[in-house]
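**Q** Sequence:
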Amino acid sequence: MKYEDFYNESIKQPEEFWRKQASQIDWHTFPKNIISKDEYDYAQWFQDGQLNLSYLCIDKHIEDGFGETVALIYDSPVTQTKEHITFNQLHHEVSKLAGGLQKLGLQKGDTCIIYMPMIPQAIYAMLACVRIGVIHSVVFGGFAPHELAIRITDCKAKAIITASNGIEIDKIIPYKPFVDEAIESVQDKPEHVIVFNRNDTEIESPKSYDVDYQNLVDNAPSVEAIPLHSTHPSYILYTSGTTGTPKGIIRDTGGYATALKFSMKYVYGVDEGEVFWAASDVGWVVGHSFIVYGPLLNRNTTVLFEGKPIKTPDASTFWRVISEHKVNVMFTAPTAIRAIKKEDPNGEFIKKYDMDSLKYQFLAGERCDLATLTWTKEHLKVPVIDHWWQTESGWPMIANMAGLELKKVKPGSASFAVCGYDIRILNEAGEEVNDDTEGYVAVKLPLPPGTLTSLWANPQRFKSGYLERFPGYYFSGDGGYKDEDGYIFITGRVDDIINVAGHRLSTAEMEEIVSSHTSVAECAVFGINCELKGQKPLGLVVLKTENKLEEEKIKNEIIAKVRYEIGAVASFRDVLIVQRLPKTRSGKILRKLLRSIADEKQYNVPSTIDDIQIIDEVKTVYEKEGIGIFK
Numbered sequence: 001m002k003y004e005d006f007y008n009e010s011i012k013q014p015e016e017f018w019r020k021q022a023s024q025i026d027w028h029t030f031p032k033n034i035i036s037k038d039e040y041d042y043a044q045w046f047q048d049g050q051l052n053l054s055y056l057c058i059d060k061h062i063e064d065g066f067g068e069t070v071a072l073i074y075d076s077p078v079t080q081t082k083e084h085i086t087f088n089q090l091h092h093e094v095s096k097l098a099g100g101l102q103k104l105g106l107q108k109g110d111t112c113i114i115y116m117p118m119i120p121q122a123i124y125a126m127l128a129c130v131r132i133g134v135i136h137s138v139v140f141g142g143f144a145p146h147e148l149a150i151r152i153t154d155c156k157a158k159a160i161i162t163a164s165n166g167i168e169i170d171k172i173i174p175y176k177p178f179v180d181e182a183i184e185s186v187q188d189k190p191e192h193v194i195v196f197n198r199n200d201t202e203i204e205s206p207k208s209y210d211v212d213y214q215n216l217v218d219n220a221p222s223v224e225a226i227p228l229h230s231t232h233p234s235y236i237l238y239t240s241g242t243t244g245t246p247k248g249i250i251r252d253t254g255g256y257a258t259a260l261k262f263s264m265k266y267v268y269g270v271d272e273g274e275v276f277w278a279a280s281d282v283g284w285v286v287g288h289s290f291i292v293y294g295p296l297l298n299r300n301t302t303v304l305f306e307g308k309p310i311k312t313p314d315a316s317t318f319w320r321v322i323s324e325h326k327v328n329v330m331f332t333a334p335t336a337i338r339a340i341k342k343e344d345p346n347g348e349f350i351k352k353y354d355m356d357s358l359k360y361q362f363l364a365g366e367r368c369d370l371a372t373l374t375w376t377k378e379h380l381k382v383p384v385i386d387h388w389w390q391t392e393s394g395w396p397m398i399a400n401m402a403g404l405e406l407k408k409v410k411p412g413s414a415s416f417a418v419c420g421y422d423i424r425i426l427n428e429a430g431e432e433v434n435d436d437t438e439g440y441v442a443v444k445l446p447l448p449p450g451t452l453t454s455l456w457a458n459p460q461r462f463k464s465g466y467l468e469r470f471p472g473y474y475f476s477g478d479g480g481y482k483d484e485d486g487y488i489f490i491t492g493r494v495d496d497i498i499n500v501a502g503h504r505l506s507t508a509e510m511e512e513i514v515s516s517h518t519s520v521a522e523c524a525v526f527g528i529n530c531e532l533k534g535q536k537p538l539g540l541v542v543l544k545t546e547n548k549l550e551e552e553k554i555k556n557e558i559i560a561k562v563r564y565e566i567g568a569v570a571s572f573r574d575v576l577i578v579q580r581l582p583k584t585r586s587g588k589i590l591r592k593l594l595r596s597i598a599d600e601k602q603y604n605v606p607s608t609i610d611d612i613q614i615i616d617e618v619k620t621v622y623e624k625e626g627i628g629i630f631k
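Numbering (this note's numbering), first residue to last: 1 to 631.
No lab work stands behind these hints: they were computed from the structure.
A hint or two may mislead.
Each pair of labels, with its calculated beta carbon distance range [unchecked claim]:
#, residue 1, residue 2, range
1, E324, D271, 38 to 44 Å
2, E551, K381, 34 to 40 Å
3, E531, D170, 21 to 27 Å
Calculated lysine-lysine pairs in the DSS-like style (CA-CA distance at most 27 Å, straight line) [said to hold, decoys possible]:
#, residue 1, residue 2
4, K352, K82
5, K96, K82
6, K555, K583
7, K311, K377
8, K351, K341
9, K37, K103
10, K60, K37
11, K342, K359
12, K352, K308
13, K265, K311
For clarity, every value in this text was computed on a predicted model and none was experimentally measured.
We put the CB at the ideal spot given by N, CA and C, even for glycine.
With these hints in hand, go ahead and build the complete structure from the sequences.
**A** Now the structure itself:
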């Protein structure tokens with residue numbers, strides 16, 4: 001089918017289009033009410049339908065005779081471990097863990113935080129929760145205890161499922177101690193912490209709330225998946241907010257299942273039974289949608305990879321995984337490809353492996369530059385598809401839809417809107433603009449199934465953050481434009497969220513931490529271009545008193561403080577001491593101007609600037625410290 005015909009049907013007849021797609025999955029009760037509206041006139045999908053994600057990902061395939069098919073390949077170069085887990089084995093682990101959670105008193109509607117490394121037990125935990133209607137919130141293992149505590153408090157977690165530790169190339173990440181530290185600082189404490197012990201040794205300083213994961217599973221009954229309403233939250237996933245406070249994105253059950261089945265077939269071009277690998281982390285939206293739920297729901301073998309694109313042991317590890325496990329479709333971030341390219345610029349490692357199984361290479365999570373796109377296509381010799389989406393959407397919004405027809409690639413563009421997304425470029429007044437005019441990227445309501453339904457415990461923030469800026473539209477927070485052929489180009493965030501190696505982080509939160517240092521009078525934190533990670537944060541600091549001997553010490557303390565509060569994921573390593581910051585006469589710090597100078601973007605000095613000489617002062621500091629274009 002032609003893309004244009006399929007896409008137009010999804011926009012002009014959304015109810016009928018998504019009824020057909022919903023029929024591609026097994027419902028306990030098929031919905032009669034396909035689309036309805038909530039109090040904000042916002043779409044809720046398949047409201048009267050009932051189904052279960054865990055059933056669709058496991059039991060359905062066993063009933064269809066695929067119980068001995070491999071569901072999950074666990075490949076961990078950091079521990080030299082490989083496991084092939086069948087749907088039958090997955091069922092055993094998940095249904096017993098679900099029974100264990102019920103024995104601990106967890107029931108439908110309760111919340112459970114999952115704070116785990118990239119091990120099979122993380123996937124078991126997610127599937128066990130949705131099996132019994134417990135709403136999970138996976139927190140990325142790279143986040144520090146402070147960030148974990150914020151999420152425990154916001155979702156009022158009844159339990160936490162964690163591991164003794166994470167393992168990286170050169171260090172051990174103390175997951176359990178981080179959990180204990182987070183719990184100490186929260187008022188509403190979880191009742192249970194279920195600990196998977198990776199070390200086969202006693203957990204140091206066990207707490208009264210600790211529950212041994214393996215003992216719990218061994219002594220639990222196996223439980224069936226319970227039917228849940230389509231609108232029942234499957235999970236909460238926190239994403240950075242412009243206020244520095246994370247936003248708890250709520251994902252439903254029925255709309256999500258429908259959208260994932262659709263995207264596996266039509267966006268990624270994956271057939272049932274093929275091998276799919278998303279080289280991400282279960283703590284991010286890519287991990288939820290395309291390591292766990294999407295592939296398993298589509299009866300694909302999914303690859304769970306615990307390692308890095310380089311140094312595990314070298315830049316060949318991705319190609320080894322593709323070749324060894326006969327991966328058909330792979331998905332990673334441009335940062336990973338750039339890291340590999342830096343280590344192996346001529347692609348010599350690729351030539352050592354049989355890559356014939358690979359059909360498509362997908363890239364997303366950050367802007368893909370022309371050099372990365374070209375290098376990947378040249379060396380992999382398969383279509384390389386850049387696509388764009390968000391934590392909020394849960395599945396791709398703009399893509400060259402491999403399961404329909406591949407269009408000509410325009411570097412810098414993720415191509416066209418995916419079915420269901422009526423993407424418009426709007427100006428400040430909310431009027432649509434086209435033909436290379438840059439504006440705000442918005443989606444005309446209703447959004448398709450699988451997208452966020454609200455924010456956890458804060459529907460007003462959901463309304464003000466996404467729906468009020470342009471009435472009748474979902475505002476993405478990104479800027480962009482369409483060219484004369486309708487290709488959509490995303491130019492980046494229009495707020496203070498930056499994209500570091502595919503991870504959305506709030507500079508407002510970093511700024512708050514920097515400003516709390518006793519020596520800091522004022523500061524600005526913003527994102528600048530980074531050759532490897534796409535963007536990285538830069539902090540400019542004005543000190544309360546001038547003390548040259550203390551400057552390096554202060555810088556190191558600030559960097560350590562951000563790392564402690566947010567985690568290494570922030571990649572906060574650059575702090576510059578300046579005498580003053582450029583401001584408007586009304587006192588607003590000109591962060592966009594500071595960023596543009598570092599990135600050598602064309603900029604206009606606003607007529608409202610307080611003192612134009614500060615621009616030269618900033619340039620001098622940038623040059624002295626080798627920042628941005630002055631590197």
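**Q** Tell me the hint numbers this structure goes against, listed in increasing order.
**A** 1, 2, 9, 10 and 13
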